[in-house]
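Undergrad: Residues per chain, in single letters:
Number of protein chains: 2
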Amino acid sequence: MTANGSNGSTIGDIGEFGLIDQVREQIGHNRHILIGSGDDAAHISTNDGSYVVSTDLLVEGRHFRRDWSTANDVGRKAAASNLSDINAMGGVATALTVGFGAPADLPVEWALEMVRGFEQECGRVGAHIVGGDVTASDSIIIAVTAMGDAPRPVRRSGAVAGDVVAVNGDLGLAAAGFATLSRGFRSPKAAVEAHRVPHPPYAAGPQAARAGATAMTDISDGLVADLGHIAVASGVAIDIDSSALVIPEAVATVGEALGRRAIDFVLAGGDSYALVATFGAEGGLPPGWTRIGEVAEGAGVTVDGEVYDGPTGHQHFR
Amino acid sequence: MTANGSNGSTIGDIGEFGLIDQVREQIGHNRHILIGSGDDAAHISTNDGSYVVSTDLLVEGRHFRRDWSTANDVGRKAAASNLSDINAMGGVATALTVGFGAPADLPVEWALEMVRGFEQECGRVGAHIVGGDVTASDSIIIAVTAMGDAPRPVRRSGAVAGDVVAVNGDLGLAAAGFATLSRGFRSPKAAVEAHRVPHPPYAAGPQAARAGATAMTDISDGLVADLGHIAVASGVAIDIDSSALVIPEAVATVGEALGRRAIDFVLAGGDSYALVATFGAEGGLPPGWTRIGEVAEGAGVTVDGEVYDGPTGHQHFR
Chain F
119 MTANGSNGST IGDIGEFGLI DQVREQIGHN RHILIGSGDD AAHISTNDGS
169 YVVSTDLLVE GRHFRRDWST ANDVGRKAAA SNLSDINAMG GVATALTVGF
219 GAPADLPVEW ALEMVRGFEQ ECGRVGAHIV GGDVTASDSI IIAVTAMGDA
269 PRPVRRSGAV AGDVVAVNGD LGLAAAGFAT LSRGFRSPKA AVEAHRVPHP
319 PYAAGPQAAR AGATAMTDIS DGLVADLGHI AVASGVAIDI DSSALVIPEA
369 VATVGEALGR RAIDFVLAGG DSYALVATFG AEGGLPPGWT RIGEVAEGAG
419 VTVDGEVYDG PTGHQHFR
Chain E
119 MTANGSNGST IGDIGEFGLI DQVREQIGHN RHILIGSGDD AAHISTNDGS
169 YVVSTDLLVE GRHFRRDWST ANDVGRKAAA SNLSDINAMG GVATALTVGF
219 GAPADLPVEW ALEMVRGFEQ ECGRVGAHIV GGDVTASDSI IIAVTAMGDA
269 PRPVRRSGAV AGDVVAVNGD LGLAAAGFAT LSRGFRSPKA AVEAHRVPHP
319 PYAAGPQAAR AGATAMTDIS DGLVADLGHI AVASGVAIDI DSSALVIPEA
369 VATVGEALGR RAIDFVLAGG DSYALVATFG AEGGLPPGWT RIGEVAEGAG
419 VTVDGEVYDG PTGHQHFR
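Line by line, the protein sequences are chains F and E.
By the count of this note's numbering, the first sequence reaches residue 436 at its end, each step adding exactly one.
By the count of this note's numbering, the second sequence reaches residue 436 at its end, each step adding exactly one.
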């Protein structure tokens, strides 16, 4: 056994989060790193200012399928997932880089339509592609880095007991769409469309920052799992009031059709790119935000005071 | 035939640079983009300052091989190729993001040693990893984005007739090392090592910027090919004086052993991450830079006044 306990184990053994924890121990720090890895985006100082930055790596067959999504959809979703990370810091993205790997037999038109979709989504916040790299690879790879301005970055670690927990954006639709497509169905359309092209509430991130949000993240792993990241980073307990959660009609339909609890899509479904944030109890919530729970002393995330017994968040390598 | 001429063609048909040209037509612009795609790095303004950014996508089997390079080597080279792009703008990298894809059976220790090598190389300029993403994939993928400060970014487009062309760093060694390994040999060591772990002259980029370099790029595709990028961007002709080029001893050895002209490794060999820049004729070159040619009115790159007849730069998809 080596000191770091990695002797002989594979990435499949320890999983994505296990690997990330071990990698983090290898990484140094400099005066430019105002916020490092472990949040939705890093916050970096320049000689004359600062910016926030986040990166995502998307692989065909794991993050998207050409038979489920058009090239335009894939481009929009690749952009959205990264723009959402900047949004979750309370920032506005301005510039993105794209590394693109593809097999030689990929139609040029697919690549161009993907880029068009990417730029369309970026257009929702006024950002653009500023650089990239192209290489041959066996399957399609899209590596995105988004950078932007965040005058007051909102971290995951600022929640305190007594704060109110609130969401902005749809929960559960994208996960219900994924479940629908996985079973070979193509409707309800609202769910399938939400899986193909998410609609992050881009105005809500900077709005929450201005309103003094104490912690914030986007829903990529699932509401319970992502609130878990805030609970750990902030050293608090969080309780969700399930009666405050809205179950979209399409999610109810999918739940019924597949014999699954609709509330589980809302509590555990990933890739919605809605925002969840905590706010001080006084002063009220900004418009468009819905109160769904509260922060207390302690640790862990509960639903109606109980440990959540539904499916856990998505894990790669499993 | 569609308007963009891509009807029915594949990426293999048009190649990496053809795809990049067509992609560029899809991309918009905003006030934050001071320098966009097409240079070694983009230059982006923030609300309060600016930074430079560049990205690379490395795929196992195409950019590195686990039987040729250690995990540490792969990490160092992945960092070096990106730090070099910031260097080639006259900047100093401060922060990098890494997207990492790997099969589930990859030993954790390989991933950690890759990160250690990456951080070691970053340490040469004081930069660190500030964020990343991990996903499962069939082969190893390393997507790197480097960001840094460049008080006076040096573009490819500023060379003017009468300027002096100069290089800083070794030419040809990495390409000779690649040729050596491709034939199943493991020596000469100087060449093989240069392929495994390049040594970009990190101090030379900012030095050239301070000295007023008019144009600059790093040698990734090969000296003639990369000077071609400067010639096109600047709208000038460039002539290389081959008698001024130093042929490293190991390159001469490899040329002899493989029956190839040693000078071709120097003129066309990629991945050396040396710098080539143009400077005004008056004022002399900064220390460490070697004059290898000059800029004239016209177009194209020549060697001793003749069109270069050696191998052309590396192309993916071919």
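Any given hint could turn out to be false.
What the hints assert, rightly or not - Far from chain F, some chain E residues (derived; all Cβ distances over 10 Å):
| # | residue |
| --- | --- |
| 1 | Y169 |
| 2 | A213 |
| 3 | G219 |
| 4 | A220 |
| 5 | P225 |
| 6 | R234 |
| 7 | G241 |
| 8 | G249 |
| 9 | R379 |
To be verified - Computed footprint of chain E on chain F; a stretch qualifies when at least three of its residues, placed anywhere within it, have a C-beta under 8 Å from a C-beta of chain E:
| # | region |
| --- | --- |
| 10 | 151-162 |
| 11 | 165-179 |
| 12 | 219-228 |
| 13 | 248-260 |
| 14 | 265-277 |
| 15 | 399-406 |
As the list claims (entries may be wrong) - To give a feel for the contact side, a few chain E residues facing chain F, derived at Cβ under 10 Å:
| # | residue |
| --- | --- |
| 16 | T128 |
| 17 | N148 |
| 18 | G217 |
| 19 | A229 |
| 20 | L299 |
Keep in mind that the hints were calculated from the coordinates and are not lab data.
Where a beta carbon is used, it is the ideal one built from N, C-alpha and C, also for glycine.
Undergrad: For each hint, tell me whether it holds in the structure or not.
TA: Results of checking the hints against the structure:
1. At roughly 5 Å, the least C-beta separation between Y169/E and chain F is not larger than 10 Å, which violates its mark as non-interface.
2. With 10 Å as the threshold on Cβ separation, the claim that A213/E sits away from chain F is violated: the shortest Cβ distance comes to roughly 5 Å.
3. Once the 10 Å rule is applied to beta carbons, G219/E is inconsistent with being away from chain F; the minimum gap is 6 Å.
4. Not every CB of chain F lies more than 10 Å from the CB of A220/E, the least distance being 6 Å, so the non-interface label is violated.
5. Its beta-carbon lying about 6 Å from the closest one in chain F, P225/E breaks the requirement of being farther than 10 Å from that chain.
6. The beta carbon of R234/E is not kept farther than 10 Å from every beta carbon of chain F, the shortest such distance being approximately 5 Å.
7. Some Cβ of chain F comes within 10 Å of the Cβ of G241/E; the nearest lies about 7 Å off, and the non-interface call is violated.
8. Residue placement check: G249/E does not keep its beta carbon more than 10 Å from all beta carbons of chain F (closest about 4 Å).
9. Annotated as non-interface, R379/E keeps its C-beta farther than 10 Å from every C-beta of chain F; the closest such distance is 28 Å.
10. Residue count for the region 151-162 of chain F with a Cβ under 8 Å from a Cβ of chain E: 6. That meets the three needed, and the coverage hint holds.
11. With a threshold of 8 Å between beta carbons, the proposed coverage of the region 165-179 of chain F by chain E holds, since 12 of its residues qualify and at least three are required.
12. For the region 219-228 of chain F, the stated coverage by chain E is satisfied: 9 residues place a CB nearer than 8 Å to a CB of that chain, which reaches the threshold of 3.
13. Here the region 248-260 of chain F counts 11 residues with a CB under 8 Å from a CB of chain E, which clears the bar of 3, and the coverage holds.
14. Taking a C-beta to C-beta cut-off of 8 Å, the region 265-277 of chain F contributes 3 residues in contact with chain E, enough for the three needed, and the coverage statement holds.
15. Remark: the region 399-406 of chain F is not confirmed as covered by chain E, as 0 of its residues place a Cβ nearer than 8 Å to a Cβ of that chain, below the required three.
16. Interface hint status for T128/E: upheld, as the beta-carbon distance to the closest one in chain F is roughly 5 Å, under 10 Å.
17. Evaluation of the N148/E hint against chain F yields a held restraint, the C-beta minimum of about 6 Å falling below 10 Å.
18. Proximity of G217/E to chain F holds as hinted, the smallest CB-CB distance being about 3 Å (cut-off 10 Å).
19. Because the closest C-beta pair between A229/E and chain F is about 6 Å apart, less than 10 Å, the hint holds.
20. At a threshold of 10 Å, the smallest CB-CB gap from L299/E to chain F is about 19 Å, leaving the interface hint violated.
The structure fails hints 1, 2, 3, 4, 5, 6, 7, 8, 15 and 20 (numbered hints given earlier, in ascending order).
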